[in-house]
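Residue numbers (this note's numbering), protein chains in the order written: chain A, 4 to 465; chain B, 286 to 407.
I should point out that these hints are in silico values taken from the structure, not numbers from a laboratory.
Computed from a predicted model, the values in this text were never measured in an experiment.
C-beta atoms are modelled at their ideal positions from N, C-alpha and C, and glycine is treated no differently.
Take the hints with a grain of salt, since some may be wrong.
[Claimed, not checked] To spell it out: a stretch of chain B is covered by chain A in this simulated footprint if at least three of its residues, at any positions, have a beta carbon under 8 Å from a beta carbon of chain A; those stretches are:
| id | segment |
| --- | --- |
| 1 | 312–325 |
| 2 | 339–347 |
[As the list claims (entries may be wrong)] Computed Cβ-Cβ distance ranges for the label pairs, DEER-style:
| id | chain 1 | residue 1 | chain 2 | residue 2 | range |
| --- | --- | --- | --- | --- | --- |
| 3 | B | N392 | A | I282 | 31 to 41 Å |
| 4 | B | L407 | A | E360 | 43 to 53 Å |
| 5 | A | K84 | B | T315 | 29 to 39 Å |
| 6 | A | T138 | B | L407 | 34 to 44 Å |
| 7 | B | K397 | A | E360 | 36 to 46 Å |
| 8 | A | I282 | B | Q353 | 48 to 58 Å |
| 9 | B | N392 | A | K464 | 39 to 49 Å |
| 10 | B | D376 | A | K37 | 48 to 58 Å |
| 11 | B | K397 | A | R311 | 20 to 30 Å |
| 12 | B | D376 | A | S26 | 43 to 53 Å |
| 13 | B | I360 | A | K223 | 28 to 38 Å |
Given next are the chains, with one letter for each unit.
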Amino acid sequence: MSLLGKSVTQLRKLIEAKELSKSELVDYFKKRIKKYNSSLNAYLTVNEKESEDKTGSLNGIPLAVKDNFCTKGLRTTASSKVLDKFIPPYESTVTQKLKEGGAIILGKTNMDAWAHGSSTETSDYGPTRNPWDVTRSPGGSSGGSSAAVSAYLAPAAIGSETAGSIRQPASWSGVVGLKPTYGRVSRYGVIAMGSSLDCPGPVTLTVEDAALILKLIAGKDPYDATSSPFPVKDYVEGLNENKKMTIGIPDEYFIGVDESVKSRISRCTGILEKMGHMIKKIKLIDPKYAISVYTIVQRAEVSSNLARYDGIRYGNDRTYFGEEAKRRIMLGAYTLSYGYYDAYYKKAQKVRTLIIEDFKKAFKQVDAIIGPTTPMTALKLGEWEKYPFFGEVMDVLNEPAAVAGIPAISVPAGLDKNGLPVGMQIMGNYFCEGTILNLAHQFEKETDFFGVVKKGLENCKD
Amino acid sequence: MICRNKKPSSSLSKNISNCYNADMKKKELTKEEVMHLAQLANLQLTEKETEDLQKKLSETLDYVENLQELKTENIIPTSQTTQLTDVFFKDGVQDKRILLPEDAVKNAKRKKDGYFEVNKIL
């Protein structure tokens, strides 16, 4: 039996039917990691002492986890040499829930150092390569997670997003990436970047798998005061309703977007319209302002969060910070300084209110908002240096949802003129993960993502 | 300035360069300001890094000036997006997440008798 490309849901069924043993499955992925990881650099650490004593909704499912989730006893670096030898003495809530659900942590995936970047190239352990074309970036910062799923070095992975770090690499790697509402999933034990923005979420081959994993990891956590008590729905059950929706398309999300990306997205919205959904033009605040809000807020939070790395309690000292981290710490320190706070931080938080109000107004008229995930498809490694503000520019279409804290999912929308995956994102109202998962699932059933996921798997045969 | 000196090479950079107003004032950080910030942030910078940051931080500050185009009088700033207020937990010891002293200092390079060792301050 070939396991290549089987979804988490399919693998679960095989395990339940005893057609596949848990150890067989782990061995299968270990073998693939051995075969492909040296060329992709998706994993930084492979877990050699995985246990499999728990049973739950992910019974026996091996998963990859981004290296900014603390895993007790398993090295966690956030791809920075500051934490080169850091062995967490405690477990993050997300990985705790995964383990209690029966999942097996295969290893920890590469990322931009401290999640500062959008190409995995700021990693102190070398860039991850895109399985679609190893001369290209898989996106970032969760690039190791998205490449691992795209190359089937794990059937699914956990990533984290501050602004685009799940959706953008999912888009560039031709897989599904879900950024939940802020506070839907606990941040406890996740190495913090922007604490008012950070959201853990799944990277998967199918929408159903994203729903399944979200259901397990979502919920109020006593250890994260910003996690929400809003009830967790059965997102998998919710997929089967054939809801007809009103979908908003904001023109502002198509300005400066590559023609071949634009044409794929119009093709997709055309399909959704044929399926009986209503397409409605809407107006949203230009995403260029979200870039500024995000830049100020995130760097302020970075400067505060990275202050704890002093080399005293754990890790190396501050001389180990890379260029990008230094730059962000310094800008954050500046905008939070006496005399500048009002002009920058407070102004940004006020515009953040405008962006939130803008989305709230839009969601009175529509159930979901659709646009491209990224303005262009995967760039060549090294190309990021040609773009000043590379991360912010690549994530321009992801930043509004991130600063507002609303959920969004990126799904494959076909290939561009160079044969690289294009991503379409569906944004939803606060805690309406069920709605965007439902629409994404309907779209997947109708299009099979134009065969993108399957084609991606051909890049790394058994 | 990010796109001013370069010819826009793609539609994307054209879009980004549109973000600027021609009459926008330029923010230049002095070398002293950068060195002061580095001191506040406890970062050691080389001469080259200081110069580089002077340029890059100024570019970023220039970029975010576009927020001034939006009116925000009487707008309440947002610091929490999901409207949570007054989150409390029961006072007392949180047994579940207590770290044993040996675990707490396990990752420290310098430790003594179960404590972190630091340089003398006074």
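Going down the list of hints, with the structure as the test:
no., hint, in the structure
1, 312–325, "holds (count 6)"
2, 339–347, "holds (count 5)"
3, B:N392 with A:I282: 31 to 41 Å, "53 Å, violated"
4, B:L407 with A:E360: 43 to 53 Å, "51 Å, holds"
5, A:K84 with B:T315: 29 to 39 Å, "31 Å, holds"
6, A:T138 with B:L407: 34 to 44 Å, "56 Å, violated"
7, B:K397 with A:E360: 36 to 46 Å, "55 Å, violated"
8, A:I282 with B:Q353: 48 to 58 Å, "35 Å, violated"
9, B:N392 with A:K464: 39 to 49 Å, "41 Å, holds"
10, B:D376 with A:K37: 48 to 58 Å, "50 Å, holds"
11, B:K397 with A:R311: 20 to 30 Å, "21 Å, holds"
12, B:D376 with A:S26: 43 to 53 Å, "45 Å, holds"
13, B:I360 with A:K223: 28 to 38 Å, "30 Å, holds"
Of the numbered hints stated above, those contradicted by the structure are hints 3, 6, 7, 8, listed in ascending order.
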